[in-house]
Amino acid sequence: MKQQVTITVNGTTHTSEVEPRLLLVHYLRDVLDLTGTHVGCDTSQCGACTVHMNGDAVKSCTILAVQADGAEITTIEGLAKDGELHPIQEGFWEMHGLQCGFCTPGMIMTSVNLLKNNPHPTEAEIRHGLEGNLCRCTGYQNIVKAVQYAADKMNAEPAAAGDD
Amino acid sequence: MAVSSPFGSSIKRREDPRLITGAGHYTDDVRLPGMLTMSILRSPHAHARITNIDTSTAKAMPGVVAIYTGADLVDLVAPVPCAWQPKDSDIKVPEYRPLAVDTVRYVGDGVAAVVAEDMYTARDAAAAIDVTYETLPAVVKQLDAMEAGAPQLYENVPNNVAFHFHLGGGDVDAAFQNADLTFKQRIVNQRLIPNAMETRGAVASYQRGSNELTLWSTTQNPHIVRFLMSLCTNIPETNIRVLSQDVGGGFGSKIPMYAGEMIASVVSKELLRPIKWIEDRSENYVATTHGRDHVDDVEVAAMSDGRVVGLKVTAYANMGAYLSTAAPGVPTWLFSVMLGGTYDIRNVSSDVYGVLTNTTPTDAYRGAGRPEATYIIERVMDLVARKLNLDPLEVRRKNFIQPADFPYSIASGAIAYDSGDYEKTLNRAIEMVDYTALRKEQEEARANGRFFGIGFSTYIEVCGLAPSAAAGAMGFGGGLYESAVVRVHPTAKVTVLTGINPQGQGEGTTFAQLVSDELGVPVEDVEIVWGDTDRVPMGWGTYGSRSTAVGGSALVYAARNVRDKMMKIGAHLLEVSPEEVVFENGNVHVKGAPDQVKSFAEVALAAYTAWNMPEGVTPGLEETYFFDPVSNTFPFGAHVCVVEIDKDSGKADVRRYVAVDDVGNVINPMIVDGQLHGGIAQGLAQAVLETAVYDDNGQLLSGTMMDYAIPKASSFPNYELDRTVTPCPFNPMGLKGVGEAGTIASTPAIMNAIIDALSPLGVEHFDMPASPQRLWQFVHEQKGN
Chain F
1171 MKQQVTITVN
1181 GTTHTSEVEP
1191 RLLLVHYLRD
1201 VLDLTGTHVG
1211 CDTSQCGACT
1221 VHMNGDAVKS
1231 CTILAVQADG
1241 AEITTIEGLA
1251 KDGELHPIQE
1261 GFWEMHGLQC
1271 GFCTPGMIMT
1281 SVNLLKNNPH
1291 PTEAEIRHGL
1301 EGNLCRCTGY
1311 QNIVKAVQYA
1321 ADKMNAEPAA
1331 AGDD
Chain Z
157 MAVSSPFGSS
167 IKRREDPRLI
177 TGAGHYTDDV
187 RLPGMLTMSI
197 LRSPHAHARI
207 TNIDTSTAKA
217 MPGVVAIYTG
227 ADLVDLVAPV
237 PCAWQPKDSD
247 IKVPEYRPLA
257 VDTVRYVGDG
267 VAAVVAEDMY
277 TARDAAAAID
287 VTYETLPAVV
297 KQLDAMEAGA
307 PQLYENVPNN
317 VAFHFHLGGG
327 DVDAAFQNAD
337 LTFKQRIVNQ
347 RLIPNAMETR
357 GAVASYQRGS
367 NELTLWSTTQ
377 NPHIVRFLMS
387 LCTNIPETNI
397 RVLSQDVGGG
407 FGSKIPMYAG
417 EMIASVVSKE
427 LLRPIKWIED
437 RSENYVATTH
447 GRDHVDDVEV
457 AAMSDGRVVG
467 LKVTAYANMG
477 AYLSTAAPGV
487 PTWLFSVMLG
497 GTYDIRNVSS
507 DVYGVLTNTT
517 PTDAYRGAGR
527 PEATYIIERV
537 MDLVARKLNL
547 DPLEVRRKNF
557 IQPADFPYSI
567 ASGAIAYDSG
577 DYEKTLNRAI
587 EMVDYTALRK
597 EQEEARANGR
607 FFGIGFSTYI
617 EVCGLAPSAA
627 AGAMGFGGGL
637 YESAVVRVHP
647 TAKVTVLTGI
657 NPQGQGEGTT
667 FAQLVSDELG
677 VPVEDVEIVW
687 GDTDRVPMGW
697 GTYGSRSTAV
707 GGSALVYAAR
717 NVRDKMMKIG
727 AHLLEVSPEE
737 VVFENGNVHV
747 KGAPDQVKSF
757 AEVALAAYTA
767 WNMPEGVTPG
777 LEETYFFDPV
787 SNTFPFGAHV
797 CVVEIDKDSG
807 KADVRRYVAV
817 DDVGNVINPM
827 IVDGQLHGGI
837 AQGLAQAVLE
847 TAVYDDNGQL
857 LSGTMMDYAI
867 PKASSFPNYE
877 LDRTVTPCPF
887 NPMGLKGVGE
897 AGTIASTPAI
907 MNAIIDALSP
917 LGVEHFDMPA
927 SPQRLWQFVH
937 EQKGN
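The listed protein sequences derive, respectively, from chains F and Z. 1171 is the number of the first residue of the first sequence in the working numbering; add one for each residue after it. 157 is the number of the first residue of the second sequence in the working numbering; add one for each residue after it.
Among the hints, a few may not be true.
Said to hold, decoys possible - Here are some chain Z residues pointing at chain F (derived, C-beta under 7 Å):
1. 177
2. 830
3. 869
4. 874
Quick caveat, the hints were computed from the structure, so don't treat them as lab data. Please read these numbers as outputs of a predicted model, since none were measured by experiment. All residues carry an ideal CB built from backbone N, CA and C; glycine is no exception.
Work the whole structure out from these sequences, hints included.
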């Protein structure tokens, strides 16, 4: 039996009939056509599907769409505001924090959350904070630099640190 | 606007704006009207006869459109092809049906394909198919499979040996007879699972009327897919368009032709509906090729001063249950030619046995054959040092090929190294780590009972996979040249079509830098196009660190031909002869008179309006170039790894990692460094984290990301990089390629460090993975003794 859900995604409210077993990531990708959120595993290890739910980073392959009923979701498509990249996105570009780009949306969403919870992370804290996201291309070195770049920028301009 | 030469500058990637905003376009992002989803039911047994397949329950489920079994496909599609069959190897290629017909031979062998209106239904229906199996004895390890009485995978492949390959040169027997020191060592290079972050998948759409197949495929080589798909399906090559847009990592695992895209294509032709098939990760672990999996018996002959005079290797390569597309080339040619490494060893012989087992087929994985060879020779250098009580650096120096020796023909004569200065990279690395101080630190650590080790790897690799004549001689079923089209538009923008197909290596940026450099146009005005067989001329794809050395060269030559034509047109417009003009910053001007000039835009427009062309010059401004280099390229370097093994946890902690690489000239240092970072991490991960584990029945125990240890952000520290530059003489840019260097170099560097750390316990060799569990167990067993 399908169930009705009302979910606000990137500021737009959607009401849909979904199967109770539909994963949030498939809701985003296949119902709303927001394909920036990726599926990289089926055991919640890789973090490619990370989005924000009510301001916290979650792995959208581990949440049912019906559990997100009434929630506010931000995906990678909703991170840049008015055409301006979020400092984390900018950091990934500046520091060559991506190669194939498949893990990148999830990596960016986790990094935003990491800096929200810890605006002045050490390198070790960044590495620890990203343990739930896997990247096979970069060896993580430039991802760490990207997060450091964003932290510096956001600390210099507190206004840019606005939450989603 | 002219720009200063962009060659050598770390400009930001032009690929990134779409990828960081969620606007990338990977295969699973393809959406077509009327598209169906396909799910493949795979064998849960490593070896079994299929006695019955009952699809009735599945077929009756709402939303299920069709179900195909192996028998249904026999007339629709040929077996999965093996396209690299080394000559003189007595190779036997077993029939690899896209879906098994009577017998399954590994966990993951396809059994049935379900097509349904959506993915959830397709998977439910696949689970509802009732297959009756009669299980057969399975064999998992290559040495077991060769033994008398072992389960046989195929009647016509005795002892499961699919091929035997030999390469050798010099007088190996004499070298062993005359040596001061001879010894044997078995070295295992364990099986790995590539784990590109994007699993494999395809979308096939066959159009009625035009009889055209459009196939979106996450591949490293779309033209090879088109070529083989045409041969396997009898759809004419003219009617197949393969598209490959953003590819989420490959590492070799997206070179082969796979059953999935073959089935999707013929099913789309049958049903006249678009078919999407995307692996889930568990499926990827069993259905996408694995890498490495060698057992190597190594025999070494050395003189008392440390010179290695003879090397004899017998390699047993586990090929899995079938021979994948390029698989036989990996442990044969790509392995055997690199066994001598950077060392002048005149007597080298290798015998390679390709063995079939009830496991997922293996094929190329980052480095493909070269990491296995490099691991052997770099371990050999340390073993010789240990046995003769010499410093491993001294042994390396004693054996290095010297700069004056290039081009250097290896013992077998099969290839010749281009250029190199191995001592220079090593010296720089030693300076960076402060070797003397490090050894002192080690002495102090050892005095305190700590396990502290220093390891070296002074590697070389063969890259820029080419030329085509060599490919033919090696039994590769294709060419290895590369194509490029450089098209200047009437508005002076430039489109470049390239036959390579990146998966994150950044050629959308570096190739634009090359064209900008040649034509004097801004990087932003150059569009690089790949991954569309309808637009791009035949090319062979991205693997073997060949894209820039071969594909980049093709576009440089095409751009130079464009430039020559622009000089002819420009000179004509300036009413002088072509010899009287120069091409500078994109403009054509009279020599010594920069004010008598025709701009890039003026010449481009003139070429297309063609109102006033010089005699014998055709309209338009577009050049195609097929580049086939005379030889490979040979990047090299010196990597140093410092580890400390934590006695309580068994973890080999990387304290420092210094890499000095020589990849020739560098177009974009930021991108080259990024390739090295990722490569080093992958190589280190083989040494201390990753391993594919099968039980004796052929069940893959490390079959999810929960069970297979992929490195995380906290696994390794920052790498300290530097470079020397020895230009390659075989391409116009003088570059060598960098995609695999890090992976090839880092595995032996860290293993030599770990074994050095364990040497107070009398350890000379330790097999990978040196995981915390295995190291802890070993150290504690030693203590117990």
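*Compare the structure with the hints numbered earlier in the document and write down the numbers of the violated ones, lowest to highest.*
none
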